[in-house]
Each structure stands twice: as structure tokens, then as C-alpha cells.
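Asker: What follows is each chain in one-letter form.
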Amino acid sequence: MSIITVERKVLEKNDEIAAVLKKQFSDQRTVVLNLVSSPGSGKTTLLEQTLQALQGQVRMAVVEGDVQTDNDAKRIARYHVPVAQIVTHGACHLDAQLVRDAVSRIDLTGVQLLFIENVGNLVCPASYDLGEQHKIVMVSTTEGDDKPVKYPHMFRAADLCILNKTDLLPYVDFDKHQFRKNAEKINANLLFFEVSAKTGEGLQDWCQWLVDGTQTSGN
Amino acid sequence: MTSVCMHETAIAGNIIDIVTETGRRHPDVEIKRVRVVIGEMIAVVPELLLHAYDSLITDTPLQYSSLDLTIIPVTANCSQCDASFGIDEFEFTCPFCQSSSIQLTSGHEFYVKEVEVEPCPS
Ligand SMILES: [Zn+2]
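Taken in sequence, the protein lines are chains A and B.
Every letter in the first sequence is one number past the one before it in our numbering, and letter 30, counting from 1, is 30.
So the number in our numbering is just where the residue sits in the second sequence, counting from 1, plus 1000.
Hint data in this document are derived by calculation from the structure and do not stem from the laboratory.
Values in this document were obtained by computation on a predicted structure and should not be read as measured data.
Glycine included, every Cβ here is placed at the ideal spot set by N, Cα and C.
Please note that the accuracy of each hint is not assured.
The following label-pair restraints were derived from C-beta to C-beta distances [claimed, not checked]:
#1 B:F1096 - A:L191: 24 to 34 Å
#2 B:H1026 - A:K13: 18 to 28 Å
#3 A:R105 - B:L1056: 25 to 35 Å
Sequences and hints are given; from them, build the entire structure.
Answerer: As C-alpha cells, then:
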């Protein structure tokens, strides 16, 4: 029995493509946000509200990841922004190759903000760099406030956390202080936003953060 | 989870690609064991990865190989009091001074370290 040294990263292929994407995005001065959550947290609705609110102010584009359908891309297309759909046919995460193919189908010239809506899943997307500047983890108040404890990898990988459906807080068994404590134990640097994509509550702060982000990136 | 989620299959596929390339460069040997180092910060379930590997190598040149995982625990260094410690249960605070300003010193590893080979049976 003898040994051959290999010393190669398991995710090297993904990371190489992600590095190319990162450079492309930064050369174009496009801020890229990778949005992750469980299914049904309201990512698409938040995106719609955001596109509506920042229309005419920020040039935006969307990459929509979905396991089966292109329904979300159709919803997004109504806001007249470039949108590329990725259907993963059952796969539970987006990888850098899929994102590269998707962005090659849209014109990113002048786009200041690119949203990547990941597949609804809080486990697998944690491992995949998509060349984004920020990973954003979204949880809604209809889920448990122990979500960070159940999905520590994602909460550690993210740098921003959005709590959605705050309009339902009076009716659900969700302790938002406990939620925040749980999340901060895993990632003390997380930035928090509380929104209701339905009523528009909290949307202003979120949009302001987005606008600030595009400005510091030089646009 | 609503979708069938097996990203361990994709990961096992990556490992197999890397090892197959190594095998091609050493046509005179047979790969018996594949040693992969994996930090606990990597969101992969070891049992699922082993299972995925075994099902993917059926009827390939790697069919007589087995995957060997070395799990690396998460450790950190406190920027406040300079203590070094292990992270249990994903509590990212210094157990000595309670600071959350810490740097992880291990746990993000994820690589194919080496393969154990035997001369090809001729
Ligand atoms: Zn300390």
C-alpha cells in the first residue's frame, strides 16, 4: 500500500468560477446579493416590493432559482428588469456554474444591484460561493424562532438577516428577541432587518441599505 | 424540506472527479482508499456523503475504493483575550471573556488529502 498526495479542494471547481464571477461583478460595479431561505418565507414577494420601491432609482436585475418552475421569474418580469431563470430540476442549491450561465443570458451593463434568489433551502446553499457580495438569510415569523440553531451553517455564512412577515407577530408563537439572540450566538456580526413584504412595514430601511450599498460600490 | 435534498451527491461527484484525475495520472495503480478532510463548518452530513460516494462508484474504475473522512472540529482564537478554544454547539463566543469577537482557526477545511493505492492486479 502506498500513498499519493492529492491536496485539492472538494469545491475547487465552484470556487474558481465564483472567483471569476466576483471579478466580473466588481469590474461592472454590480452589487450581488444571494438570498436564501426555507420555502415560503416570502423571498419573491420581498423582491417584488423592492423592485417596485427602487424603480427608477437603482438599476436592478434578478436571477431566479427554482427547483421546478419558472413562475417566480414571470412574477419578477412584470417589473421590467432583466431576469434570468434557473430551473435546477430537483437540485437543492445553485452553484457558480449555473449562475454564470444565467448571467450570460442577461445584459448586466449598468446594473447596480443583482439579486440571486436561491432555491428554498437553508442547508446546501451555505456551501456554495456564487460570487456574491452578501449572503442574506431570510426567515418569516411563521417559522420557528429556533431556526438559527437548526441551521447554524447558513446563519454563520450569512452577513445579513431579514425577518419577514412581522405583521403576523401578534398572531404567531414567534419570539423575535429570542430569535435575534439565537442568531447572534452563531454570528455576532449579522445585520438585522425586520420587514413585512405584505404591508410594506420596514421596507424603507432595507431599501435604504441597498441604495447605500450601490453608492459605496462606486455607482 | 419540500424538495429531495441530496447535495452530498453533488459533493461526492466532485470528489470522484478529483480522484479520477489522480487515477489517470497513475495508470499503474488501483485506488483503494480516498482520504477527505472535512471541517465541521461544512454543511455536509458524513453518512450521506459516504452513501452517495458508494452508490456513484458502482461500475467505475473506483468501484473497489472506499471513502475515509477525517472530521476537523471547529476551533477559534479570541481577539479580546487571546484564548484558544473549541466551539461546541455552534456557540461562537469566547468561554473565558464572553467576547464574540473571535477568529475561527479550524473547521472550514474541505479537501481531498490523499489516496491509498495498490499496484494494479495484472
Ligand atoms: Zn476571550
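Asker: Would you mind marking each hint as holding or not holding in the structure?
Answerer: How the hints compare with the structure:
1. B:F1096 - A:L191: 24 to 34 Å: Because 27 Å falls inside the window, the suggested range holds.
2. B:H1026 - A:K13: 18 to 28 Å: Between B:H1026 and A:K13, where Cβ atoms are some 21 Å apart, the hint holds.
3. A:R105 - B:L1056: 25 to 35 Å: holds (30 Å)
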